[in-house]
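Chain residues, written in single-letter form:
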Amino acid sequence: MSVDKSLRMRRLFNLLTNKTVLYPIDHGVTMGPIEGIENIRAAVGAALGEPVDGVILHKGAIVRCLDTLSVDRNMAVIMHVSASVSLSPHVNEKVLVGSVEEAVRLGCDGVSVHVNLGPRHDTRMLRDFGKVSRDCVKYGMPLLAMMYCRTEAGDELSESGNRIAARAAMELGADIIKVNYTGSPRSFERVVAGCDVPVIVAGGGATATLLEFLEKIEGAMQAGASGVAVGRNVFQHRQPRLLLRGLAHLIHSQMPAKQVAELIEGELNDERPAEVVHGDRGTGTNHRTTAAVA
Amino acid sequence: MSVDKSLRMRRLFNLLTNKTVLYPIDHGVTMGPIEGIENIRAAVGAALGEPVDGVILHKGAIVRCLDTLSVDRNMAVIMHVSASVSLSPHVNEKVLVGSVEEAVRLGCDGVSVHVNLGPRHDTRMLRDFGKVSRDCVKYGMPLLAMMYCRTEAGDELSESGNRIAARAAMELGADIIKVNYTGSPRSFERVVAGCDVPVIVAGGGATATLLEFLEKIEGAMQAGASGVAVGRNVFQHRQPRLLLRGLAHLIHSQMPAKQVAELIEGELNDERPAEVVHGDRGTGTNHRTTAAVA
Amino acid sequence: MSVDKSLRMRRLFNLLTNKTVLYPIDHGVTMGPIEGIENIRAAVGAALGEPVDGVILHKGAIVRCLDTLSVDRNMAVIMHVSASVSLSPHVNEKVLVGSVEEAVRLGCDGVSVHVNLGPRHDTRMLRDFGKVSRDCVKYGMPLLAMMYCRTEAGDELSESGNRIAARAAMELGADIIKVNYTGSPRSFERVVAGCDVPVIVAGGGATATLLEFLEKIEGAMQAGASGVAVGRNVFQHRQPRLLLRGLAHLIHSQMPAKQVAELIEGELNDERPAEVVHGDRGTGTNHRTTAAVA
Amino acid sequence: MSVDKSLRMRRLFNLLTNKTVLYPIDHGVTMGPIEGIENIRAAVGAALGEPVDGVILHKGAIVRCLDTLSVDRNMAVIMHVSASVSLSPHVNEKVLVGSVEEAVRLGCDGVSVHVNLGPRHDTRMLRDFGKVSRDCVKYGMPLLAMMYCRTEAGDELSESGNRIAARAAMELGADIIKVNYTGSPRSFERVVAGCDVPVIVAGGGATATLLEFLEKIEGAMQAGASGVAVGRNVFQHRQPRLLLRGLAHLIHSQMPAKQVAELIEGELNDERPAEVVHGDRGTGTNHRTTAAVA
Amino acid sequence: MSVDKSLRMRRLFNLLTNKTVLYPIDHGVTMGPIEGIENIRAAVGAALGEPVDGVILHKGAIVRCLDTLSVDRNMAVIMHVSASVSLSPHVNEKVLVGSVEEAVRLGCDGVSVHVNLGPRHDTRMLRDFGKVSRDCVKYGMPLLAMMYCRTEAGDELSESGNRIAARAAMELGADIIKVNYTGSPRSFERVVAGCDVPVIVAGGGATATLLEFLEKIEGAMQAGASGVAVGRNVFQHRQPRLLLRGLAHLIHSQMPAKQVAELIEGELNDERPAEVVHGDRGTGTNHRTTAAVA
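Residue numbers (my numbering), protein chains in the order written: chain A, 1 to 294; chain B, 1 to 294; chain C, 1 to 294; chain D, 1 to 294; chain E, 1 to 294.
Worth flagging that the hints you see were computed from the coordinates, not collected in a lab. A hint or two may mislead.
Put simply, identical chains are the same to the list, so a pair is met inside one copy or across any two.
[Claimed, not checked] Cross-link-like lysine-lysine pairs, in silico, DSSO-like; alpha carbons within 30 angstroms at most:
#	residue 1	residue 2
1	K131	K258
2	K138	K59
3	K258	K59
4	K59	K131
Can you build the whole structure from these sequences, using the hints too?
Rendered as structure tokens:
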């Protein structure tokens with residue numbers, strides 16, 4: 001990392017633990033106002049005062065939420081500059097819709113870019129990544145690379161695919177790399193080992209239970225991950241604030257996943273004692289909205 | 001203020017009180033390594049963890065202190081872009097030595113510019129101010145204007161002079177204005193009233209006692225000031241940390257100056273009971289190092 | 001070559017022999033953290049103090065290795081600005097991911113670009129080459145062109161294909177040209193003869209024995225090559241340092257390949273006397289990691 | 001220092017001792033082709049192969065000497081961008097005659113700028129310094145600031161003046177600061193202490209004997225200096241190469257000044273046994289050419 | 001010289017002799033339409049087909065003369081970018097009135113800039129020179145520096161003054177330097193020796209006889225000059241074409257001045273046998289128009 005990025009980087013990671021809990025709310029471009037983010041200001045507002053190190057938003061959303069964001073000095077703002085829309089036949093082909101300069105003007109603390117490797121236009125996405133990376137150096141802006149394997153071989157969760165994707169991002173200038181969990185601490189450790197910058201794990205798709213979800217993240221942390229970026233699993237949770245706090249326990253205090261799950265469920269039960277909490281997920285008809293747990 | 005500046009502005013003011021304690025350590029360019037700031041990293045380090053909303057530093061000092069600054073997420077960094085050197089016959093003629101773009105690259109939260117009205121080249125300083133103000137809008141960077149009356153009439157502390165200087169800054173794009181105290185809450189109230197942006201008061205020169213110094217700031221706050229920028233009176237104090245805490249009590253908690261002074265002196269006496277603390281000031285042979293109180 | 005490039009060029013070639021041993025470690029983008037370069041800093045660190053005239057790295061890797069690189073004044077740094085990822089269906093379509101300006105800012109001594117002639121998008125690669133070449137003149141930056149024949153005719157190692165590819169690079173502004181070995185000194189001599197700038201030979205794919213590998217390079221040198229760029233054959237060797245020293249003997253001192261091989265094997269045997277060193281290669285299941293010899 | 005400057009900085013300092021012997025040959029602009037540098041190529045050529053960490057030249061001289069400089073990979077090249085001519089009534093008013101971009105294009109390792117504090121136009125020189133400093137960050141170019149006190153009070157060699165001048169340079173972005181010796185290790189130590197970047201000492205004016213000259217530098221080194229920049233005292237010496245070697249002994253090996261002087265004089269006596277070497281200096285009618293010792 | 005300037009430089013010097021006869025017709029800006037250049041097209045036209053290596057014109061004059069210039073492929077065009085007007089009290093303060101970019105657009109082969117050292121604003125002229133020099137490198141444009149000593153000491157023709165002026169120009173990037181003759185081959189030799197680029201001699205002021213004028217130039221050539229730039233002494237001559245041919249004999253064929261003078265006078269006598277040729281000059285009322293001989 002260029003030292004020019006130091007002051008902004010200090011806002012993306014907890015200074016004591018050197019770990020981060022990021023909260024992406026950038027799904028509206030791809031999926032529209034899905035459950036949990038119908039009102040973008042309410043969704044962002046729900047994170048205020050919670051132990052979130054940063055939110056990830058598209059530029060228009062940042063402008064809409066400026067007043068909300070301005071009441072929390074400790075929550076960094078990362079501008080997401082990649083987009084595709086689910087209506088398109090090319091939903092895997094992310095294009096640049098924002099620039100580092102715009103992020104600078106809005107006072108953001110970082111920029112995130114999304115690269116899918118495998119699809120038809122992945123060379124363009126790679127080139128776009130190179131440009132954003134260059135501008136991030138020019139303006140001292142931390143760069144979060146969201147790297148996804150979308151090969152026909154179905155590498156999305158493979159160790160080999162994610163090792164390559166993550167490493168490529170590092171060599172091309174990423175300061176933080178977000179990848180999918182590869183299924184086991186052992187395999188994820190090899191992904192992390194191949195990079196020389198912090199790797200964070202994506203919240204990923206639907207899991208059967210809250211515990212399963214938390215154990216996945218716990219596995220990533222044991223493998224050397226530097227944190228997590230969880231969106232839908234938070235905002236589509238019945239109590240986003242509870243989940244954010246739980247994640248902070250998991251990431252910053254190394255509280256075991258099991259204990260975190262009990263804590264969250266305890267709070268939920270206090271509030272709603274008679275309801276079954278887990279086991280009713282994964283039935284959504286739209287695969288894009290089924291990622292949430294609990 | 002442009003909304004583009006919102007995210008950075010939220011870091012310059014305490015979000016609960018909407019007031020600010022700024023700590024300028026930019027004296028090295030003008031005066032050299034004077035007492036208290038011989039080692040710039042140590043000087044900045046002494047503010048870490050203290051209730052300082054922001055430090056004001058020259059660009060080279062920021063680069064030297066990046067690692068120090070990076071351990072405190074809550075202390076904003078303002079880059080000072082004006083300079084003159086006391087060795088020069090033109091010490092009142094500030095020139096631009098830094099740019100907003102440099103502040104952007106370093107991840108600063110604001111830029112400050114110094115304008116002396118009155119001297120031979122004040123038109124150039126005004127023009128420079130216009131340029132910096134323009135670039136601050138371009139990059140969404142908050143602009144702190146340090147406005148000084150240096151007329152032959154000796155307007156430095158006059159109400160009329162400071163009213164004009166402060167108002168001019170507001171009309172030309174300042175987001176925060178720093179002026180000297182005009183001697184009474186009533187007169188300072190009129191300075192503040194003429195602006196439509198936060199006005200903060202400079203720590204100013206030496207005062208006979210700590211109480212006197214604090215009462216001056218208390219007066220400014222009563223007049224509607226939004227905070228204070230105190231440099232030498234802090235770093236040349238025997239216990240800079242004590243003074244910073246005292247200022248925070250005064251600014252954010254509205255603790256009376258008298259009580260703050262007793263608090264600071266109590267702590268000092270605990271530490272060094274037999275020594276006379278006040279009343280021995282103002283005797284320095286070098287006018288440049290005699291600004292400190294207590 | 002523009003004289004503006006003189007000062008940087010003097011760092012890419014040994015001033016006594018006018019030959020060069022370059023060490024590319026840019027494979028991570030295409031192949032991920034393969035054996036030998038899992039840890040980029042360790043891989044670069046292994047070349048410190050060895051007779052390497054320059055390393056070739058992607059921009060992110062340079063930033064990660066700045067402290068490592070900074071302890072060796074004699075090892076030039078070349079930034080590779082082309083990339084593709086093996087996960088992609090378009091691995092032969094290199095795109096620009098870095099710029100000459102970035103290389104300038106990092107204090108690099110050269111820039112390298114990769115052009116594949118033959119694939120679908122080779123016209124774009126050619127145009128990209130033209131742009132990089134233009135910027136190299138603008139900033140006085142030496143340009144290393146890695147030219148590969150990837151025609152359907154399978155020209156990769158042909159004399160005719162490489163003659164065209166190399167010559168095209170020279171005419172479009174390359175200062176150094178890297179091509180594959182064409183199989184014999186006689187044919188490679190004709191490749192070299194068609195250019196008017198230094199031609200260096202790529203380490204290339206797996207060979208049965210260390211001697212075979214070294215003889216290939218020896219052949220290129222006899223044909224007039226100005227040096228070599230060897231990556232995997234070095235970092236996937238059991239003792240990268242031994243191989244680098246061997247290459248220096250071959251390139252700068254014209255030690256016969258046979259003698260170099262004996263020297264390296266002698267050292268290896270001293271270290272591990274009872275083990276069979278060669279002849280067990282080429283069996284890797286992943287074609288990407290089978291390039292190494294011995 | 002920005003890490004972007006790392007690769008170039010490693011060429012300006014000996015990596016083992018972290019000290020530097022710089023050789024400025026930029027006098028031609030101010031004084032014309034004075035003795036020792038009539039032929040710029042010969043003057044630069046005389047440093048080839050000697051333990052010189054870097055030469056300081058104007059841009060036109062660099063272009064003239066490119067072929068000479070290109071045979072020594074270890075001698076860094078610093079472009080001096082300030083100038084005044086002795087024919088002018090304003091010889092103290094340095095103006096910018098070169099840019100960082102030009103230094104980049106020529107492959108230089110650093111840029112040096114000269115600021116005189118005290119004269120009529122020192123504010124302009126300060127502003128120029130700010131601009132060069134900005135461009136140095138932009139292009140990752142190390143900046144050597146030559147700071148001189150030229151006040152009416154005659155501060156040229158004063159501790160107080162040089163403390164301010166040096167500190168100002170650091171705060172405004174200098175990576176290396178060159179000042180005059182202040183007469184004693186104790187005073188120079190205070191100059192060095194006020195900066196947070198390497199301070200090197202100027203060779204300065206004529207001294208009665210070689211030993212006196214060397215002892216001055218020895219004093220600076222004892223005070224914490226990081227090296228020396230000596231021009232006329234080298235190139236107007238009867239044997240520039242001997243003096244450069246002597247300086248290297250003094251700076252890098254901490255050989256006592258007395259021993260270095262004996263070494264140099266021994267070599268001179270061997271060569272020219274019957275001639276009186278010292279004590280016949282300082283009689284030049286042109287004050288500009290009388291700086292040399294021995 | 002940068003090789004980028006090679007193609008244009010080859011037009012400024014005779015390729016066999018490596019010398020040049022330049023013909024400046026830039027006097028109109030300073031002096032108005034003086035005798036010999038009332039009609040700029042006629043003045044330029046008179047040089048067509050003659051052995052002139054290049055004309056020096058202001059940009060407006062070039063535009064007016066484009067059709068005239070277009071019929072002679074062998075006469076290079078140098079754009080003069082400095083100007084002052086004799087009506088001004090500041091006639092010695094040349095300012096930039098043209099740019100290298102304009103010269104590029106017009107297809108010129110060189111640019112010339114005029115610097116007076118000594119007057120009040122010479123620092124500005126020096127800075128301007130630095131800028132033009134920078135742009136000349138950027139665009140590959142040869143730079144002719146006209147250096148004049150205008151000190152109060154009256155250094156205009158002194159060896160010491162011209163040595164400094166010429167050397168300064170070389171160090172700051174001039175490709176060709178024009179200075180006044182210093183009175184003797186011996187002194188001029190020292191001026192030439194201090195530069196490392198071609199020095200040409202100015203035609204200078206009025207001389208008593210044609211022979212005297214030619215001997216001055218002959219002296220300069222013997223001292224190592226690379227040619228001459230003569231304006232008024234040509235266009236105010238009764239037969240400019242004769243003088244241009246004579247200068248070519250002197251410069252390119254090393255014909256002795258005496259023989260050249262006889263040749264010219266012979267031709268004149270053939271044409272106008274009864275007229276007294278010399279000795280009737282120097283009676284002009286405007287000292288600026290009395291420079292011409294014969």
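Hints and how they fare:
1. K131 with K258: neither (42 angstroms within a copy, 46 angstroms between copies)
2. K138 with K59: both (20 angstroms within a copy, 13 angstroms between copies)
3. K258 with K59: neither (37 angstroms within a copy, 42 angstroms between copies)
4. K59 with K131: Both: 18 angstroms inside a copy, 12 angstroms across copies.
Taken one by one, the earlier hints fail for this structure at numbers 1 and 3, listed in ascending order.
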